[in-house]
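Q: What follows is the residue order along each chain.
Protein chains: 2
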Amino acid sequence: MNMQYDLIVRNVNIYNPFLRTFEKKEAAIRNGIFVHIAARICDSAKAVLDGEGRWMIPGFVDIHMHIESSMSIPVRFSDAVMQHGTTTVVADPHEIANVSGEEGILFFLSQDTDLDIFYGIPSSVPSTNSTLETTGGVIGVVEVEDLLKNNRIRCLGEVMNFQGVVNEPDSLISQIIDTCQKIRPDLPLEGHCPKVTGADLSAFLARGISADHTHQTKESIMEKIPNGMFLEIQEKSMSQEVIDCLIDNNFFEYFCFVTDDVMADRLRIHHLNHLVAKAVSMGMKPEDAIYCATFTPARRMHLEDRGAIVPGRIADFLLLDDLSSFVPVMIYKNGKKIENKETPVPVIPEQFLHTLHCRKAVKEDFIIHCQGTKALVNIMSIEPHSTFTTRKKVLLPVQDGKLDYTGYALLTVFERYGKSNAIVHGLVENAMRNKGAIAASWAHDHHNVLVMGTDEEDMVLAQNKLLEIDGGFVTVENHVVTAICPLEIGGIVSSRPIESLGKDLEEVRSAMQRLGYVHDNEIMSFSTLSLLVSPEIKISDKGLVLTREQSIIPLVEEVQ
Amino acid sequence: MNMQYDLIVRNVNIYNPFLRTFEKKEAAIRNGIFVHIAARICDSAKAVLDGEGRWMIPGFVDIHMHIESSMSIPVRFSDAVMQHGTTTVVADPHEIANVSGEEGILFFLSQDTDLDIFYGIPSSVPSTNSTLETTGGVIGVVEVEDLLKNNRIRCLGEVMNFQGVVNEPDSLISQIIDTCQKIRPDLPLEGHCPKVTGADLSAFLARGISADHTHQTKESIMEKIPNGMFLEIQEKSMSQEVIDCLIDNNFFEYFCFVTDDVMADRLRIHHLNHLVAKAVSMGMKPEDAIYCATFTPARRMHLEDRGAIVPGRIADFLLLDDLSSFVPVMIYKNGKKIENKETPVPVIPEQFLHTLHCRKAVKEDFIIHCQGTKALVNIMSIEPHSTFTTRKKVLLPVQDGKLDYTGYALLTVFERYGKSNAIVHGLVENAMRNKGAIAASWAHDHHNVLVMGTDEEDMVLAQNKLLEIDGGFVTVENHVVTAICPLEIGGIVSSRPIESLGKDLEEVRSAMQRLGYVHDNEIMSFSTLSLLVSPEIKISDKGLVLTREQSIIPLVEEVQ
Numbered sequence: 001m002n003m004q005y006d007l008i009v010r011n012v013n014i015y016n017p018f019l020r021t022f023e024k025k026e027a028a029i030r031n032g033i034f035v036h037i038a039a040r041i042c043d044s045a046k047a048v049l050d051g052e053g054r055w056m057i058p059g060f061v062d063i064h065m066h067i068e069s070s071m072s073i074p075v076r077f078s079d080a081v082m083q084h085g086t087t088t089v090v091a092d093p094h095e096i097a098n099v100s101g102e103e104g105i106l107f108f109l110s111q112d113t114d115l116d117i118f119y120g121i122p123s124s125v126p127s128t129n130s131t132l133e134t135t136g137g138v139i140g141v142v143e144v145e146d147l148l149k150n151n152r153i154r155c156l157g158e159v160m161n162f163q164g165v166v167n168e169p170d171s172l173i174s175q176i177i178d179t180c181q182k183i184r185p186d187l188p189l190e191g192h193c194p195k196v197t198g199a200d201l202s203a204f205l206a207r208g209i210s211a212d213h214t215h216q217t218k219e220s221i222m223e224k225i226p227n228g229m230f231l232e233i234q235e236k237s238m239s240q241e242v243i244d245c246l247i248d249n250n251f252f253e254y255f256c257f258v259t260d261d262v263m264a265d266r267l268r269i270h271h272l273n274h275l276v277a278k279a280v281s282m283g284m285k286p287e288d289a290i291y292c293a294t295f296t297p298a299r300r301m302h303l304e305d306r307g308a309i310v311p312g313r314i315a316d317f318l319l320l321d322d323l324s325s326f327v328p329v330m331i332y333k334n335g336k337k338i339e340n341k342e343t344p345v346p347v348i349p350e351q352f353l354h355t356l357h358c359r360k361a362v363k364e365d366f367i368i369h370c371q372g373t374k375a376l377v378n379i380m381s382i383e384p385h386s387t388f389t390t391r392k393k394v395l396l397p398v399q400d401g402k403l404d405y406t407g408y409a410l411l412t413v414f415e416r417y418g419k420s421n422a423i424v425h426g427l428v429e430n431a432m433r434n435k436g437a438i439a440a441s442w443a444h445d446h447h448n449v450l451v452m453g454t455d456e457e458d459m460v461l462a463q464n465k466l467l468e469i470d471g472g473f474v475t476v477e478n479h480v481v482t483a484i485c486p487l488e489i490g491g492i493v494s495s496r497p498i499e500s501l502g503k504d505l506e507e508v509r510s511a512m513q514r515l516g517y518v519h520d521n522e523i524m525s526f527s528t529l530s531l532l533v534s535p536e537i538k539i540s541d542k543g544l545v546l547t548r549e550q551s552i553i554p555l556v557e558e559v560q
Numbered sequence: 001m002n003m004q005y006d007l008i009v010r011n012v013n014i015y016n017p018f019l020r021t022f023e024k025k026e027a028a029i030r031n032g033i034f035v036h037i038a039a040r041i042c043d044s045a046k047a048v049l050d051g052e053g054r055w056m057i058p059g060f061v062d063i064h065m066h067i068e069s070s071m072s073i074p075v076r077f078s079d080a081v082m083q084h085g086t087t088t089v090v091a092d093p094h095e096i097a098n099v100s101g102e103e104g105i106l107f108f109l110s111q112d113t114d115l116d117i118f119y120g121i122p123s124s125v126p127s128t129n130s131t132l133e134t135t136g137g138v139i140g141v142v143e144v145e146d147l148l149k150n151n152r153i154r155c156l157g158e159v160m161n162f163q164g165v166v167n168e169p170d171s172l173i174s175q176i177i178d179t180c181q182k183i184r185p186d187l188p189l190e191g192h193c194p195k196v197t198g199a200d201l202s203a204f205l206a207r208g209i210s211a212d213h214t215h216q217t218k219e220s221i222m223e224k225i226p227n228g229m230f231l232e233i234q235e236k237s238m239s240q241e242v243i244d245c246l247i248d249n250n251f252f253e254y255f256c257f258v259t260d261d262v263m264a265d266r267l268r269i270h271h272l273n274h275l276v277a278k279a280v281s282m283g284m285k286p287e288d289a290i291y292c293a294t295f296t297p298a299r300r301m302h303l304e305d306r307g308a309i310v311p312g313r314i315a316d317f318l319l320l321d322d323l324s325s326f327v328p329v330m331i332y333k334n335g336k337k338i339e340n341k342e343t344p345v346p347v348i349p350e351q352f353l354h355t356l357h358c359r360k361a362v363k364e365d366f367i368i369h370c371q372g373t374k375a376l377v378n379i380m381s382i383e384p385h386s387t388f389t390t391r392k393k394v395l396l397p398v399q400d401g402k403l404d405y406t407g408y409a410l411l412t413v414f415e416r417y418g419k420s421n422a423i424v425h426g427l428v429e430n431a432m433r434n435k436g437a438i439a440a441s442w443a444h445d446h447h448n449v450l451v452m453g454t455d456e457e458d459m460v461l462a463q464n465k466l467l468e469i470d471g472g473f474v475t476v477e478n479h480v481v482t483a484i485c486p487l488e489i490g491g492i493v494s495s496r497p498i499e500s501l502g503k504d505l506e507e508v509r510s511a512m513q514r515l516g517y518v519h520d521n522e523i524m525s526f527s528t529l530s531l532l533v534s535p536e537i538k539i540s541d542k543g544l545v546l547t548r549e550q551s552i553i554p555l556v557e558e559v560q
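Going down the list, the sequences are from chains C and U.
Quick note: this note's numbering has the first sequence finishing at residue 560, numbered continuously throughout.
Quick note: this note's numbering has the second sequence finishing at residue 560, numbered continuously throughout.
Just chain C, with the same shape it has in the complex (with noise of 0.2 Å):
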C-alpha cells in the first residue's frame, strides 16, 4: 500500500460527531478524501499543516437556501460563502426558473464552483399559476424527469401548494411529486408548512413531504418532529425557546440550521457560521451546535460522502479559534486550502441578458382613470415586521376623472415578459411616506416589473431607468436617481462579486428609508409584495391577488 498522504493534519482538536466530542488526533487526506484519523499518523505526506491547536471541523452544510437571493450567481456566490466556511448547499433556485424556466437551472448547474453546490428542483414554479401570474418560465413534469436525471438534484424544493398536494391529485404539484417518487424513490421531499397544524400537517407528510424550514415555535417543533417532519432551522425561528426546545428533547438528530434567504449585504458578513454561533450564544453545547450544521443537513440530503471528518468522507474542514464565534481562521475544500479569490466569471449567455421586456413607461401609465366622485378601492398594507400585509378597503376621491391617492403610493405591474405587456396598478399603505420612487425587477416569485411611487415623474424616471440597466433596483428622489443596484441577469441577479453589490444594496436600502420606507427589511418587504403565496393580498401583472383565496379583485370596488 503507498502510504504516502497529500496532507497530514497535526496539533489539531477533530471534531467527531459520533461521539459529539472533539479528539486530539491527526487526519490524513488524499485525493481530496479524509483517508485516516488516529492519535498519531507516522506515515510520509507531501505536505504537513500544524493546526496550532486549534479546533478543526467539517465544513458547514446548509441544505434549505437560494443563491439568488444573494442576488449573484454561483461562482460569486461561492467565493463569499467559502470564506465564511460553507462548503457544501442545497439550493432552491426557484428564483432563475421563474425568469428562464429549465434553461436558467441549467445555467446555473453548469458553473465550476469551489463551493459544492447541489440543487433542489423548485416545485413551485410558478408559485400559482398561469392564470393569477405570468413567468418567464415553468417547471413541469417534463422538466422534473428530465433534472431528476442529474445527481446533483438531491430534493424536491420546498412545496407549499397545500391545496395541490392534498386534495388534487391532478395538479401540476401533485403530478411532479409522483414524478419523483417513481423516478428517485428515496429523494426527499422539502415542505413550506407555516403554521400547518393537526390533520393538515398529517396530510403534508402522508404526501411523502418530510422537512420544513419556515418559521418555528416551541409548539410547533413539538407537533413537527413527533411527527417525523425534519426541521431546518432559519435565524427567524431561533427564539429561545425554540432552542431551549431542541436541546432539552435531544432533538439534534432530527433538525439541522439553514440559512434560506440572505442578501449581498448579509453575505459579505457571514453565513450559516452566524447561526452556529447563535445557536452556542443561545445555550447550545457547541459539539450539538455544529452537529446540526454539518452531519444532519448532509445525511437528510443523502450526502454521506461528507459532514464529518472519517475516513472515506470528502476533506472539507474548517480550523477554528474559538467555539464561540465560528469565524474560521483557514478553509479547506477537498483537502485543498480556499484563499479569498475572485473566480473567473464564466460568459453569460446572450438568453439571459436584457430580459425585461416591457416598452417604457410615460406619465400616463400611473394614472388611475375613474369616473364618479369617489372611489372604494381595495389596499394592501403593510405589516412593518413581516412580509404580510392586509387588505383594507378605503373610500378614495376622484378629481378630474383620476383617482387621489394621496396618503398612499402606487404600485404599478409591468409584465416583463413580452406575453401580454399588461400594466396593473395597486395602492400600498405603510410603505413610502415621502415623494418619490422605487422600481424593482426582483420580485418574488413572478419578477414582472415593480414600480412604486408618490409622483407620476418619479416613477416614469425609476422604470426608465431600470430598463436601462435590465434589471435589479433603482430609487428616485426629487426627480433625481439615488441608488441603483444592476442586476443584469434575468433582472434578478449579477456577476458582479458580492462586495459590489452588498454596498449597491446598502444604498438601495438608504434611498428607501429617505423615501420612507418603515420596514425591518425594507428591500425584501418591497420585493415581496408580489408573493402571491404569501397572506393576504398580493399584486402580479394579472392584478390584486387575494392570497388565500388565490382570487383576483378589483382595485376599484365600486364609484360612487
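Everything labelled a hint here was simulated from the structure, so no lab data went into it.
Check before you lean on any hint, since a few could be wrong.
Just so you know, same-sequence chains aren't split out, so a pair can sit in one copy or run between any two.
In silico DSBU-like pairs for lysine-lysine, Cα to Cα no more than 30 Å straight-line [as the list claims (entries may be wrong)]:
| id | residue 1 | residue 2 |
| --- | --- | --- |
| 1 | K195 | K24 |
| 2 | K182 | K337 |
| 3 | K218 | K25 |
| 4 | K402 | K363 |
| 5 | K285 | K218 |
| 6 | K25 | K195 |
| 7 | K278 | K392 |
| 8 | K393 | K218 |
| 9 | K24 | K182 |
| 10 | K46 | K337 |
| 11 | K182 | K46 |
| 12 | K182 | K149 |
| 13 | K465 | K503 |
| 14 | K218 | K24 |
| 15 | K336 | K182 |
| 16 | K465 | K278 |
| 17 | K363 | K393 |
Using the hints, position chain U against chain C.
A: Relative to chain C, chain U alone:
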C-alpha cells in the same frame, strides 16, 4: 378533503422513534400509508381495530441477510418471516448469483411477496476468482450497471476483497465500486470487515465502504463507529460487553440488528424479533432496541418511507402483548392484516432446475492413488465452534498404491457446472467419526458438489442420491440413505414451505450427528469447507486453497 380512512387503530400504545417513547394515541391508515396519528381521531373509517391496550411498533427491518440461508425462495421466505414481524428485508442474493448469475437475482426479484424485499448487489461473485473456483455465474461490471437501474437495489452487498479494494484499482471489485459511485453516488456500500483495524480499516472506509455486519467486540465497536462505520449487529456479536458498549456510548443512532444467516429450522421459531428480545433481556431499553430494528436500518438504506409510525410512512406494524418476547400478536403490512398462509409458488423456470451437471460417481472416484509407502498430506482441521479450519501436515501410509486416510474423512469435490467436470480431493480432521457419507450442493460460495465420507460405497450412494434429487443434502449410513433435504432450485434452495424444509434439515442435522460430526452448527461447518474467503484452508473444484494466500496447494506434498 375526504376524511374517510381505511383503518383506524385505537386503544394502543404507539412507539414514537423521535421521542423514543410510547404514546397512547390512535393511528389512521389510508392506501397502505399512515396518514394521521393523534390522541383521538374522530373521522370515519371503513374499519376500526381495537388494540386492547397492546404495544404497537413498526414492522422489523432487516438490512443484512441472505434468503438462500433459509434454503427457500422469496415467496416461501416471506410467508415464514412475516409471522415473526419482519416486514422489510434487504437481501444479498450472492448464493443464487454464484449458481445462476444475474438471472438468478432477477428470478428472486420477479417474485411477488407480502414481505418487502429489497436487494443488495452481490459484490463478490465468485468470492475469489475463476482460477480458484468455478461458479455458475459471475457478477461483473455489466451486470452491476444493469442491476443499478432497479430501484429495489438498495446497496452494494458485503465487500470483502480487501486487497482488491485497497491496492488494486483495476480489480473487479474496484471497478464495481467505481460503477456504483458513478451511477448511484448515494448507494450505501456494505462491508465485510472482520478483525480489520487501524490503517486497514481506514483504507476500507476511505473507499466509501461504511457498514460492517461481521463479528464485533467492544474494541471493534469503539474503533468502527467513531470512524463513521454503521454497524449491523448479528446474534454472534451480542455479547454482554458489546450490548453494554452500545448502551453506554449512546450509539443507537449508528447501529442496527441484522440476522445474516438463518436456516430453515431456526426460521420456524423466530427471526429478527429474537435479537430484539435478546438485547432487551441483556439490559437494552425496549425503546432503544426497537429503534435499532426499525428506524435506524431503514435510514441506513435510505428507506425513509418506513421504520416509524408517523404520517407518510408505510403502515407496517405489529401489536405486542409485552416488550420482552417480541412475538407479534398481530402483523399488518401496508395497512392489511397478514394471516398465516401459503403464498402460491411461482412456476420455476426450467433453467433453475436439474442444475447438477456432473456425472454419477463410481467407487473409483473416491480412491486416492499414490506412489511409495508414505505420503505427507495437507489436512483441513475443523474448529468445532467456528467456520474456520487450520492446515495440518500429516504423514499417512500408502497401501497397494492407495492412500490410507483412516482416522480422517475424505472430502471430494465434483465440479457441477459442466465446465471442467473436475474431481478434487481433500482430507478433513474432526469431521466424521463414524462410517458413512454426506453429500451436498449447498456449499458456500461456489456450490459445487461436496461429498464427505469414510466409506467409498456410502460416498457413491450419497453422491448419486444427491444428483437424483437435483441437489440439497444427503446423508448415508451403512449403505442406506438416512436423510435427505432436496434443494431442487439451483441445488441450493427449494420451493417447499419453510416448515417442511426445517424438518428435513433437522433430520440431516441429526444424521450428521450420528455420523460423528461434532460442531455447534454441523450444516454450516460442512457447507463452509468450500468457502474460500474464510480462514485457513478450504477446498474448491480447483484444489485445496490457502485462503489468506489465495493459492492452491496439493493434497499430497511429498511421497516417501
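Q: Next step is simple, just say for each hint if it's right about the structure.
A: Against the structure, the hints come out as follows:
no., hint, in the structure
1, K195 - K24, "between (44 Å within a copy, 25 Å between copies)"
2, K182 - K337, "between (41 Å within a copy, 26 Å between copies)"
3, K218 - K25, "between (38 Å within a copy, 21 Å between copies)"
4, K402 - K363, "within (13 Å within a copy, 115 Å between copies)"
5, K285 - K218, "both (19 Å within a copy, 28 Å between copies)"
6, K25 - K195, "between (45 Å within a copy, 22 Å between copies)"
7, K278 - K392, "neither (38 Å within a copy, 67 Å between copies)"
8, K393 - K218, "neither (36 Å within a copy, 72 Å between copies)"
9, K24 - K182, "neither (46 Å within a copy, 35 Å between copies)"
10, K46 - K337, "within (14 Å within a copy, 62 Å between copies)"
11, K182 - K46, "between (47 Å within a copy, 28 Å between copies)"
12, K182 - K149, "both (12 Å within a copy, 13 Å between copies)"
13, K465 - K503, "within (19 Å within a copy, 88 Å between copies)"
14, K218 - K24, "between (37 Å within a copy, 22 Å between copies)"
15, K336 - K182, "between (39 Å within a copy, 23 Å between copies)"
16, K465 - K278, "neither (40 Å within a copy, 75 Å between copies)"
17, K363 - K393, "within (26 Å within a copy, 105 Å between copies)"
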